[in-house]
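Take a look at the letters that make up each chain.
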Amino acid sequence: MKEITEMLQQVAARLFNEGLEMFIGYESGSVPAKARPYFAAVQGETAALVFNPFCEHNLAKYLVRFPNAKTAVVVKGCDAGAVERLVKERNLDRTRITVIGVPCGGMLARERVLAELPQDGKITAITDRRDAFVFQTSKGEHVLEKKAFLLAKCLICTQNNPTGVDLMLGKEAPPVGETGKDPYARVKEISALDPPARAAFWDRLMDRCLRCYACREVCPACSCTECCFEQAVPGWQQGAIWLSKAVTLPDNLHYHVIRAFHVAGRCTGCGECERVCPVRIPLMLLNRKLAGDIDELYGPTPPDVPSVLCTYATGDRDEFT
Amino acid sequence: MKIGYYPGCSLESSAKEYDRATRLVARHLGIQLYDLNDWNCCGATAAHSTDHFLAAALPARNLMIAEEMGLNVTVPCAACYQRLRLAHRELTENEATAREIAELLGRPYQGKVRIYSLLETIAGIGLDQLAAQVVRPLKELKVACYYGCLLVRPPGTGCDDPENPRLMDELLLAAKAEVLDWGYKNECCGASLVFSERRLALRLIRNILRNAVDAGATSIACACPLCQTNLDTRQGQVNKEFGTSFAIPIFYFPQLLGLAMGLYPQDLGLGKHFIDPQRAIKAVGG
Amino acid sequence: MDSKIIKKDKLLSLLERFIAGYHVLAPVREDGMLVYRPVGIPGDVELNPGRSVLPPKGRFFPQTEILYSYRIEGEKLTLEEYVEEARQVILFGVHPCDLRSFAVLDAVFTEEPRDAYFTARRNNTIIVGVSCSSVLPECFCTAFGISPVEGNGADIHLTDIGAGAYLVEVLTPRGKELLQKFDSLFEDNVAGAEEAKRAKEASLIKKISLSVKVNDLHEKMASIFENPYWEKISRRCLGCGVCTYVCPTCHCFDIMDDGAGKAGERFRCWDSCLFREYTLHTSGHNPRHALAQRLRNRFFHKLSYNNQRYNIEGCVGCGRCVALCPVNIDIREVIGAVRGLV
Amino acid sequence: MSVNESDVVTTAEGAAWEPKIVAFLCNWCSYAGADLAGVSRIKYPANVRIIRVPCSSRVNPQFVFRAFERGADGVLVAGCHPGDCHYVTGNYYTRRRLTLFKRLLEYVGFEPERFIVRWVSASEGQRFAETVKEMVDGLKHLGPQKRVSRV
Amino acid sequence: MPRIGVFVCWCGSNIGGVLDCPAIAQEAASFPGVVYSTEYKYVCSDPGQKLIVDAVKEHRLERVVVASCSPRLHEETFRQVLRRSGLNPYFFEMANLREHCSWVHPDTTVREQAQRKAVDLVRRAVAKAARLEPLFPGKIPVVRRCLVIGGGIAGIQTALDVADAGLEVLLVEREPTIGGNMVKLDKTFPTLDCSACISTPKMVAVAQHPNIRLYTYAQVEEVTGYIGNFKARIRQKARYVDHSKCNGCGTCWTRCPVTVPDDFNLGLGERGAIYIPFPQAVPNKPVIDLEHCRRSTRGKCGACAKLCPTGAIDYEQKDEFVDVEVGAIIVATGYGLFPWEKVYGEYGYGRFRDVITGLMFERMVNASGPTGGKIQRPSSGKEPKTVVFIQCVGSRDEARGKEYCSRFCCMYTAKHAHQILEKIPGSEVYVFYIDVRTFGKGYEEFYRRVRDEGAVYIRGRVSKVYQDGSKLIVRGADTLLGEQVEIAADMVVLATGAVPAAGAADVARMIGIPQDKDGFFQEAHPKLRPVETHTGGVYLAGTCQGPKDIPDTVSQASGAAAKVCGLLLRDELETNPLVSKVNEALCTGCLACQPVCPYRAIQPVTITERLPGQPPRERVVARVNEGLCQGCGACTVACRAGAIDLKGFTNKQLIAEVDALCL
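Residue numbers (the working numbering), protein chains in the order written: chain P, 1 to 321; chain X, 1001 to 1286; chain C, 2001 to 2342; chain E, 3001 to 3151; chain S, 4001 to 4663.
Chain P with its partners taken away, still in its complex shape (with noise of 0.2 Å):
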């Protein structure tokens, strides 16, 4: 992890020599085990960079912040989408980012990690050993198997080396998925409930929604200038929006229910929403719901083509004749 860090002080400094304005990587964070995103705006702020296996944030949707400053970003494997997306999308001009590439060997569940490691050993250093991490700790070292330790996202991980980078450091990072993972398992399993099961799996969860919303605020396909749910209407008209404030079982299951249906065929992947809820609500079961339907009913989407619902076949299975 060091040669990767070294090298983004490095690369961002000589960013900032060729003209760069800001340059979005991580820092480490205020709590032990913890990254966060860093904002360099000039040269002398390049040493506080850092990439390491809690690196877990997506920062591509902070590219949207500086439409006017030449942005390099930091991007791991299921972060490149997002970038592609925004472009795609209008929200970014490719032409004055710098995508720079990381090779991930899977992000590390904090939690675990932490209950592994002794209370106040402070971590030194951290190398990728392929199947493990091995943490150097003012305690002596732990090595900590991936299989165990990494994120549920990355053990599915088909996709650790980022694609379309302008620059990318490092070797190529073997692939951290656990191959014959079924993607869809539990997805799949959901599915198979009866409908009154299924609609208590998903109340359970949506009952303890916040609307705090999180999942949108980080979501890279979340790019509307202003989400329909936060649009208000004055006066009399107050019903006719699209969705009360109130924060009900119903309003909650609609909310999410809408996002993941806005986010269809757009959705990169990345797992952020999942990750930044605060009362755990696994959200990606929606979007992979989406994804697996929309790869079995339409196959992928011509690249030209904004997204799945933008486009149709005449030959399109018809589920309502």
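None of these hints come from the bench; they were simulated from the model.
Predicted, not measured: the structure shown is a model, and the values here were computed from it.
Misleading hints may appear alongside valid ones.
[Stated by the list, open to error] So the derived label-pair ranges between C-beta atoms look like this:
hint, chain 1, residue 1, chain 2, residue 2, range
1, S, Asn4211, P, Gly315, 56 to 66 Å
2, P, Ser191, S, Asp4516, 33 to 43 Å
3, S, Glu4112, C, Ala2103, 55 to 65 Å
4, S, Thr4479, X, Asp1161, 23 to 33 Å
5, P, Ser191, S, Gln4515, 50 to 60 Å
6, S, Ser4379, X, Asp1161, 50 to 60 Å
7, S, Asp4506, P, Gly299, 18 to 28 Å
8, P, Gly315, C, Cys2252, 32 to 42 Å
9, S, Lys4342, X, Glu1178, 25 to 35 Å
10, S, Glu4291, X, Asp1161, 30 to 40 Å
11, C, Arg2114, E, Val3151, 29 to 39 Å
12, P, Glu178, X, Gly1262, 55 to 65 Å
13, P, Glu45, S, Asp4506, 48 to 58 Å
[Said to hold, decoys possible] Non-contacting residues of chain C with respect to chain P, defined by C-beta distances greater than 10 Å in every case (computed):
hint, residue
14, Glu2084
15, Gly2145
16, Lys2176
17, Phe2225
18, Lys2262
19, Gly2264
20, Arg2288
All C-beta atoms in this analysis are idealised placements derived from N, C-alpha and C, irrespective of residue type, glycine included.
Knowing the structure of chain P, use the given hints to seat chains X, C, E and S on it.
Positioned in the frame of chain P, the structure of chains X, C, E and S alone reads:
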């Protein structure tokens, strides 16, 4: 190339020479034929005209065997070929039948096997490859390629254009034969009707022979045991019935390919014909 | 007031009796998270809970609350208000930081003009506090003068003093009244219980890694209102409402009507100052159009305005926002940074 | 499917419960089809309430969810048969959108009978009536939709 | 909230006999916004309309709801009433109590339910009415010029009709001459008129018409704009002959040293590299086929240039583009023949020279054709004695050809049969057919006559044609006798079906009109709008819409011309105000809406946006061209942010309708 080989019943009996020529030519061309283990009758004629289920189940078993062996399969006999192709279609398109057959045979068919006619298999190695093996060009052989009706029909199931098949023509052209354009390439030979509707069948045979001869053919190449039998063994009866005087040898196409590749005529079973092919063989220097 | 001892098995019996006679809200574990839920089985309750994902403020200030409904019949308009009727609710298992948050909310809702809805719920609730048994990396309650073992704000307060025993402190007459009914379950206070509690306090405080000084902050902050720091820290902010919704002291709400035809209702629901439409005017003008302005507002509210307005700190150091912020915006760092700027 | 006596749900007032269906019909085919059912005096259950839209592609899935939230027991969307759209291609988009949406609704626990999409041409008054009948039968069997109803 | 008036109609006993209209009106009076509510026997009648006009005045109504029949019937009627009342006509909404309620729920057993439903329907209409906005049709000026694509008989007729009405016409034909397929025909059935004799004068009339500008050897390459205001780009292909200098003397084409098969005669004859397609071509001036011209293939010749008395030959000529503005477009691109050689192996895949198509037969039997009118076997030049006709080659063949009937083949086959029997004494004619369809005036009589003349009609398909010596053996089935038939023929003529002309798909894409499953252009309504398309201002004439014979083609061409005159003789057009509109502040410019628009009405535009605290920023948003938009609303759902809304069916209105219905 490795491929499963389903000879079918005829090639074990009346059409032994077809089998022999096939194996020799295949070996010569580097095609490794693996006989399907414990294969059974494809159900041609008897089963498919009486019992729809059996008509699918009999060939299905052979397909399952091939699938278990992990091989595609090549079929020299036109009738067997058609039965296997149709069974494959039934099993992959009709879920109910597939289920029933799987139950009966105790195993499912996953539809992985591709079924090729011998024509396709040989053409599959490439016409250039084939031409390169020719040591005895069949220059003097004026041959009419006769496909019969089962090999190319029904459309979508056959191995070539149902109206104007070209595969055998191409193979024999590669062997430098003079391949003739004629009108009865894919007409029916009467098949087993020779037993029940003798005169009708003889007339069909007569038409085929006449058209070939009129086109200038001195021999006919075929790819079906029953066609060969009808055209070869019934020429005398045709002559008697219609007052004609046909004496045109009927070859299995691998016999001719074998000749072109320099194999011994005797090994190719060329001594087993009713109509003596010697003149034709001589003509090509065999 | 009084203090007693209760053994762990008896504590479960006590909960069982609570459940039999009252509506009990207590922390339970759900998908690995602690949440306050109405409980029916004592065994479900986490007795040494740790930090709940949402603070217990929802008991007094629900995320969505119908204020009243209306119906028009002919010329007649009928209104029905939904102030909670007197009912006895026991809110069990509240940690000292959250206990302090009730005081912060009280300052907002129960001072004049009094909020009838909040006050009714508050009055209907008996609070059972519980001392912390562990310290999480994000905890910093001591910065606000809170002790992890003190039950100020609770009616009854429990502290696990080891060996399967809990110290029960009865802090209000209401608490006393409640426990009287179940006297048989308690033992008299034994020697060493208070010492055990102090020892626990010391060990917990030692574990709170970060100590920040806050009490003079509100006076100093005015000078850094325009500091570029706010823009910088807002760069990674998503603008979601996690920090405000998990905050035990955040209390902003919006009031909306939902009606169709001749009937409808007015409800209020939590709002977040991080949301764009929080300050959006009908005209389309937004005085806090930039995320930096909104984030700054939140920190000013927590660290300055609340103290100015209500004379009580707006943050209790529970660490929820630190733990749950998807991009690790850490109020302790902000406090440190602010201190460095002034 | 017929309804057993024991299945009959009653409302608070004691009357037999009747499902409420909101139907979005495209102006050119399905609305005209429903008109034709009227002109032909084809009887069907009075449980359906029709909203006219220019094309089935105007139907936002959010309208469907809205109807359920407001207490509809079933929602029907009907448009021209694929290939016959007055606006040439509108219903092809409808088909994709609503296929995915229906599958999604079912995935989150809605019974398949709650949300129906049908192609009904201007000449298919009978088909429209039958669709309504079928839906009412199905919904009576399921009972009221209370899950996301806010009323 | 606006002041709403509700008018419940009894429609005599149609509604009033089932529903309690006074009760509905009474209930409606209590709906939000309703200030006046009444019922009346027939609201659509004169006094009924007056009731509305008066009530609007008296009660200061701002929105009107009529609860009566289907809006498909009377919406327009009542909009006019509002106009007369001084209200915006779009402040109107209907509740359909008749078709959707009283007529379908007449039984007394469901009375109560029907009554409740009626009230719900009115509540819906009121909820929508409350949210209606005033809409104003736009006015667009009309360019009084018509573009006709295709110069066959359909294009010729339609161009002449439009031009005769005093409007300007641009006629574009991709071949060097106009005339199309008709001019290739020998005689027309059933009257046996000389086809050329009746069509060439029309061709000349086109060339001479002061209002028609003719572009031959030209193609329309691009069409943009909308009804009344199209822009088109025409590519004038290089002819290598300057037609302004050429006097059509013919020296060049008679002396060209090259001979190539002649496409006008379907390869039965030959022409030079510089040529006119046929002697009566219009314009009667040549083009050079550079692909075969010896000067271009071998680098030297130039005979035509040397011989030309006017110096019109210009080997360096380039394609030119002409941009034109037109108000309407008539598409008349015609038909081509089914590619039978690719499909029908049993007829020899085109290998037998004596198997020809009906159109080849036309050229052969034509006195000005390659054989001078002599019917002969292409293989030997000998006169055929036995001729077999095979019908439905490509038509009515679901499996391999087209499902439809090509309509004219039965008749031209009968005509051909007649011509053979007439011209070749002792000849035998056999026709294999599926059904003989003689739908036109005098057609059945003609068919009977040909049978009487000796043509043998055999009902059945041909299974095989093969060469046997010099004969073609035609084997088929006679399904009436249940027998096999074998005929040794000298010539076989195939009645190949009609398919859309080559390039029809490109034309459809270019103009934005749909094709049916067979590639013919889709008319707006098969019965009632057969010459219009779904794209405003674009009309169809002739076989590009579907196979038809000459009289039907000419009728449709005149019909299209009448439509165009109706359109272009107005000064201005009113646009449909029920169109989509983009809220640019909400639009993110993702353009998900653009591909779903069947009318290409949505285009990206760049706007400069000023947001507080940020420098002005240029960004792309979607914009709807209201002239092109037809108001389907597909885009509104494609837009996740709800930035596009459809006027008259807005999100707000529809949500309010849902809410109102669910009460």
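Quiz prompt | Hint numbers contradicted by this structure | solution = Violated: hints 1, 5, 6, 8 and 19.
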